[in-house]
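Required output: the full structure, derived from the provided sequences and hints.
Number of protein chains: 2
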Amino acid sequence: MISEKTISRLTNYQSLLRQQQTQGTSHIFSHQLADLARVTPAQVRRDLMVIGYSGNPRTGYHVGDLQESLMQFFAFSTGIPTVLVGVGSLGRALLSYFMTGRSNIRILAAFDSDPMKTGRSISGCRVYPMTRLRETIADLTVTCGLITVPGSEAQKVVDALITGGIHGFVNFAPVRLKVPPTVFVENLDVTSSIEKAAFFARSYSLKTQEEQAHE
Amino acid sequence: MISEKTISRLTNYQSLLRQQQTQGTSHIFSHQLADLARVTPAQVRRDLMVIGYSGNPRTGYHVGDLQESLMQFFAFSTGIPTVLVGVGSLGRALLSYFMTGRSNIRILAAFDSDPMKTGRSISGCRVYPMTRLRETIADLTVTCGLITVPGSEAQKVVDALITGGIHGFVNFAPVRLKVPPTVFVENLDVTSSIEKAAFFARSYSLKTQEEQAHE
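Going line by line, the protein sequences match chains A and B. Heads up, the first sequence is in my numbering, so the first residue is 1 and it goes up one at a time. Heads up, the second sequence is in my numbering, so the first residue is 216 and it goes up one at a time.
Hint data in this document are derived by calculation from the structure and do not stem from the laboratory. Where a beta carbon is used, it is the ideal one built from N, C-alpha and C, also for glycine. Treat the hints with caution; some may be incorrect.
To be verified - When the alpha-carbon atoms are kept at most 30 Å apart in a straight line, the in silico DSSO-like pairs for lysine-lysine are as follows:
1) B:K422 / A:K5
2) B:K220 / A:K178
3) B:K393 / A:K207
4) B:K220 / A:K156
5) B:K220 / A:K5
6) B:K422 / A:K178
7) A:K117 / B:K332
8) A:K156 / B:K422
9) B:K371 / A:K207
10) A:K5 / B:K393
11) A:K178 / A:K156
12) A:K178 / A:K117
13) B:K371 / A:K5
14) A:K207 / B:K220
15) B:K371 / B:K332
Unchecked claim - Which stretches of chain A does chain B cover? Using the computed rule of at least three CB atoms under 8 Å from a CB of chain B, they are:
16) 5-18
17) 35-42
18) 189-196
Quick look at the structure:
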């Protein structure tokens with residue numbers, strides 16, 4: 001099994017290549033991609049060997065081809081079928097972002113317990129009541145679930161989605177979820193990330209001030 | 216200097232305690248907090264020693280007191296003064312989430328280059344034109360910057376904010392930023408996280424199917 005770190009780097013290369021392509025870059029050298037990703041060129045070459053891709057030493061990697069190889073490796077060429085649970089402010093933002101089709105993530109359905117939000121479409125995505133979660137995902141092939149409910153609801157929601165056969169989740173709720181070993185959860189807690197950045201910001205800022213005082 | 220991993224765990228404890236408090240929990244044992252955070256009880260006790268907090272072995276930690284100690288340690292009691300750059304769908308969602316005051320993150324100002332979005336308030340936060348970024352942050356004490364601009368703009372924005380004296384960032388753009396060693400950046404790339412979860416979901420799902428076929 002390929003390590004989580006390798007997969008993180010490969011998905012990051014994909015983001016970076018997508019951006020390079022929109023900027024009109026046709027070829028990129030391993031050292032350039034390494035520079036963008038903040039890793040060594042040797043690391044880039046090793047990682048791309050995992051997906052069986054090697055560049056032309058003279059011209060570098062062809063951005064479009066490499067992206068295609070990455071998509072095929074991830075089996076994402078036809079998109080990642082996804083559902084979202086919790087249509088609050090963050091859920092709405094994710095719908096409005098991903099329903100525009102600017103990535104290969106396809107949100108097939110959204111769910112919420114608030115009857116004011118269900119039975120209609122938000123950003124082009126149908127919002128179903130939570131009571132219809134099980135039957136709705138049974139009719140779909142879903143790879144990934146996005147959890148944007150409050151922390152107190154998150155475990156119940158992930159349990160229902162796992163019963164429905166989903167093995168991968170991105171959890172935006174500020175709780176750790178209990179899942180079986182055959183299920184993968186990536187936690188994205190925005191508040192904790194800001195607190196962490198703020199902590200180091202203060203430490204670095206004090207250090208800079210002290211150094212300036214000693215000059 | 217305390218390690219990034221320790222700080223990540225401490226901010227996670229804070230999120231978990233916040234949630235426990237809203238559920239009315241007054242005391243929590245280290246093994247309970249460890250269970251929620253998916254670490255060992257010994258790890259929890261070691262981490263809380265860093266902030267100088269020890270519980271009562273009979274009653275466990277007092278949730279409110281522990282939260283207060285964490286806030287004091289992080290010097291977050293008066294809130295984390297933050298600015299946000301890029302009022303697209305994600306930027307708006309973050310404003311609507313954080314301007315309700317459900318955390319200690321205070322967004323003091325937002326910036327955007329689109330004149331349609333500037334000169335007014337969104338979710339109670341004033342949106343300034345990018346041209347006024349430097350003078351506006353000079354008047355404020357800002358600890359953390361949230362980067363929600365497109366990838367192609369992110370480096371320019373972070374450079375301007377660093378010049379303005381900000382040392383900590385949460386970067387939502389799918390690019391890696393070049394920053395001096397006295398600046399901390401936490402990357403939150405939602406698309407990459409979904410791709411990663413989808414990759415492992417497919418691997419685990421295949422493995423489960425194979426195991427079932429062999430039974």
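Any of the earlier hints contradicted here, and which numbers? none
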